[in-house]
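There are 2 protein chains.
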Amino acid sequence: MAKEAAGRLEWRTNVPDETSKKLEPDYGLVGKTWLRLKCVMGGLVMKVWGFLEKVWTLGVAEPRKVIHCARVGLALSIVSLFYYIRPLYDDFGGNVMWAVMTVVVVFEYTVGATLSKCINRATGTILAGALGVGIHWVADRSGDKLKPIVLGVSVFFFASAATFSRFIPSVKARFDYGAMIFILTFSLVSVSAYRMVELFELAQDRLSTVAIGASLCILVTMLFCPIWAGCELHRLIHQNMEKLVDSLDGCVAHYFKDSGNLTISEEDLNKKIQGYKCVLNSKATEESMCNFARWEPTHGRFNFGHPWKQYLKIGASLRRCAYCIETLNSCVGSDIEAPPCIRKHLSDKCLKVSSYSTNVLKELAITIMKMKKSSKIEFRVAEMNFGVQELRDALKSLPSHLLAPPSSTGEESTEATSVPIKKADVLPPIMKVLPLITVVSLLEEIAARIGGVADAVEELASLAEFKPAKDRKPKQNLPTNKIISDNLNRQTI
Amino acid sequence: MAKEAAGRLEWRTNVPDETSKKLEPDYGLVGKTWLRLKCVMGGLVMKVWGFLEKVWTLGVAEPRKVIHCARVGLALSIVSLFYYIRPLYDDFGGNVMWAVMTVVVVFEYTVGATLSKCINRATGTILAGALGVGIHWVADRSGDKLKPIVLGVSVFFFASAATFSRFIPSVKARFDYGAMIFILTFSLVSVSAYRMVELFELAQDRLSTVAIGASLCILVTMLFCPIWAGCELHRLIHQNMEKLVDSLDGCVAHYFKDSGNLTISEEDLNKKIQGYKCVLNSKATEESMCNFARWEPTHGRFNFGHPWKQYLKIGASLRRCAYCIETLNSCVGSDIEAPPCIRKHLSDKCLKVSSYSTNVLKELAITIMKMKKSSKIEFRVAEMNFGVQELRDALKSLPSHLLAPPSSTGEESTEATSVPIKKADVLPPIMKVLPLITVVSLLEEIAARIGGVADAVEELASLAEFKPAKDRKPKQNLPTNKIISDNLNRQTI
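Chains A and B, in that order, are what the protein sequence lines are. 512 is the number of the first residue of the first sequence in my numbering; add one for each residue after it. 512 is the number of the first residue of the second sequence in my numbering; add one for each residue after it.
If you're looking for bench data, these hints aren't it; they were derived computationally from the structure. Among these hints, one or two may not hold up.
Note that identical chains are pooled: a pair holds if it fits in a single copy or bridges any two copies.
[As the list claims (entries may be wrong)] Straight-line alpha carbon distances no greater than 25 Å define the calculated DSS-like cross-link-like pairs of lysine-lysine that follow:
id, residue 1, residue 2
1, Lys-943, Lys-658
2, Lys-794, Lys-783
3, Lys-549, Lys-873
4, Lys-565, Lys-768
5, Lys-794, Lys-558
6, Lys-543, Lys-820
7, Lys-558, Lys-683
8, Lys-768, Lys-656
9, Lys-943, Lys-860
10, Lys-658, Lys-768
11, Lys-794, Lys-824
12, Lys-824, Lys-788
13, Lys-683, Lys-788
14, Lys-549, Lys-881
15, Lys-788, Lys-873
16, Lys-783, Lys-549
17, Lys-565, Lys-683
18, Lys-883, Lys-855
Just so we're clear, the structure is a prediction, and the values are computed from it rather than from any experiment.
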């Protein structure tokens, strides 16, 4: 909003209209320049204000990001104490710089990422340092003339090899930073050893300052409002499930909005439907979170060996649902309307399938959130399959409707099938019901894919040894429960 | 394969089977341990061999990655000359370290990424340096007791603010590295200034070495086999189009494989079909390439102001196609088979729509590759729409087939519509044709989305001022051309 205002203001300043020119008194060149400058400054201020407002919104929406920023500031302030306190500075001197640098480079948003960087840095440094010293020893014994050549060739070879290792997917995922540090340390050690005598002392000082920086980072990140990558991944999967629930609900409600009684405004509905888009693009985030989570120690409800990789499988199955919902969403927007009688005939069943499917997803989301095995999930999945079966049954009775002249209702047409039909009456409906049939088919597919999500969550529950949940109060969040179980009792499937 | 072999070998070593035990002579404890060690070593060697083989495959598949590694090695070797050559070392001393560090940190795979990092580093360093010196000046004037407090508070405040800026999407996309360097430099300058006197000299030396490192990186990355992010993005979009062509072709061919004459093996077909999966997950790569490409100077056929952002739009529209193809792919795998007569009735039309759609995509891929406006694209799109219309017409004549008893053929059923039909005959087919109708509907949707891709490419052509292409030889790559244009002439649409 502020941006718009700024835009408008800018427009006003750049394109002064005719009327204002006539009305304004003549200020002279200086006055005009001053006026223009004032306007430009005003525009600038508005822009900055708009930016700040955006930043404020971001901060309010995700307070943990603000906390992270404060933590970075805190860690840096603590590490600067090494400069301010005389005895500490006397011990380390200029090498304190390395502690500051380590804090800046290593401190990441989540504990896992920070730990991963610290471990990578340590491993890379030690490996490269040892190798560098070794190469230096070899170079020393090969004569003064050969020395720079041996050093240069080894730098070329090892740097190239380490760079190549960064392209290997398994290395890139977990040890990318370590490989970079390896190149850096190896080059520095093997090359600077050429000129320096007190290599070991230097290395020792530098290593100790880096260790100070790294351990400070780990302490601050784990003690002050820790943000665990594992929790983030857990939350992301849970949120994605809820987004899919909203999208699926919204899509189907939007399509059958005439027949159902829609209580939500068009705008809210559209916003709800768009949820699946986040799920479509969450792969990269999930993968990096999973990689970081694997470094994290036991925290909260998660043990060290928690099956984080299974979350990726759940994420993939959720994305498969999202692809289908994306397709469903464009079918929903299709212009061709099915004849009302057919629509009515199928809408109830479709809404049921969608509500059963979302119930399964909601139950799975609860399972994930509470980390307890759900006692109801099997029932929910059976219910969903039953809904799909009902929808199929409803479809089976469709041909009679298809053949009905467009004006007649569903009830009449059942009798009408046995009388001779002219071809002209037969032709149009198939095209009209095409989108509806597609919606039905996609709903079936979505139900099948939600079954896949349920399987993935079940696998997680057994891998992570979730305990069975205590029974929740009945009918909470599940208004259609009774009707369905009645249905299930009546029609045994 | 080697991995499998290694696995097998390991299995053999760990689980010695009964028969071999009986036949083997008794070696005694030392002999056994030696044998086991030999086997373990063998397994290890096989594993390492397998890994090396994988690395070799990666290198052969993407030789440019190997070239990049050589470039990194080269740049580092050149920068080490500062240590080996006496006069150069005397000038810079230990500060040469900063040049080495800059090369390691700044050298990236593409020119754009390297430039982006260099510019970010320079901007971040200068801004933070100036601010740090300013803060130092203020701190100096606030008394000895207040000095560390002023410095500490300013480090806390600016580091937090810069960290927060990294969360703002627009900053993160282009200036993430700059913000990190800002924090680093600011902390180092403002804090170390507390203890150092010759701040300016130190800063000057450091800046000049960093500048040497950065310019070396830029020179090497631009002169030795440069890899341009823009070209990569261009190639990625082109490849994605071709992958979608393969997937769509493969999917439809797989579904109608009985009716068409399939010349390709099942395995190859499956591999072809999976192409869309790469497109589904290419968003992150496209976005980063686009961000880097915007830093690159004019190169090859791309000017500085090339509309890279439009490639993101094309990428998004390609992904929308991929979502649909993903859904189509699972419909294709459905168990329920449509009655042969209906299948036959629609398969030709479906194959036509798919072939017309892929023709559009192929033409668009050529447009992208050659960067010339296609003279045929409008015709191709019209052809695709015509194919969709034909498919719809074919669908319109379906109800008669639907009503036919399963044993009768399509030709007989046309006459059968006007005679009375029993309900029992009517019921089954609708469920049987459901997947087929869904395939038809998805094909229509895919065609519509390919239309979207065509629009996006057209927009790119006008934004980047593509020149019209010279006429290519007719019938090249386009075998169905003549038949279609005949069709078009017969049925004016």
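Now for the hints, and whether the structure bears them out:
no. : hint                 : result
1   : Lys-943 with Lys-658 : neither (83 Å within a copy, 79 Å between copies)
2   : Lys-794 with Lys-783 : both (21 Å within a copy, 23 Å between copies)
3   : Lys-549 with Lys-873 : neither (56 Å within a copy, 55 Å between copies)
4   : Lys-565 with Lys-768 : neither (35 Å within a copy, 55 Å between copies)
5   : Lys-794 with Lys-558 : neither (34 Å within a copy, 30 Å between copies)
6   : Lys-543 with Lys-820 : neither (66 Å within a copy, 39 Å between copies)
7   : Lys-558 with Lys-683 : between (40 Å within a copy, 19 Å between copies)
8   : Lys-768 with Lys-656 : neither (85 Å within a copy, 71 Å between copies)
9   : Lys-943 with Lys-860 : both (19 Å within a copy, 19 Å between copies)
10  : Lys-658 with Lys-768 : neither (80 Å within a copy, 68 Å between copies)
11  : Lys-794 with Lys-824 : both (10 Å within a copy, 20 Å between copies)
12  : Lys-824 with Lys-788 : both (18 Å within a copy, 15 Å between copies)
13  : Lys-683 with Lys-788 : between (27 Å within a copy, 21 Å between copies)
14  : Lys-549 with Lys-881 : neither (58 Å within a copy, 50 Å between copies)
15  : Lys-788 with Lys-873 : within (18 Å within a copy, 28 Å between copies)
16  : Lys-783 with Lys-549 : neither (43 Å within a copy, 63 Å between copies)
17  : Lys-565 with Lys-683 : between (34 Å within a copy, 15 Å between copies)
18  : Lys-883 with Lys-855 : neither (39 Å within a copy, 51 Å between copies)
In terms of the numbered hints stated before, the structure departs from hints 1, 3, 4, 5, 6, 8, 10, 14, 16 and 18, listed from lowest to highest.
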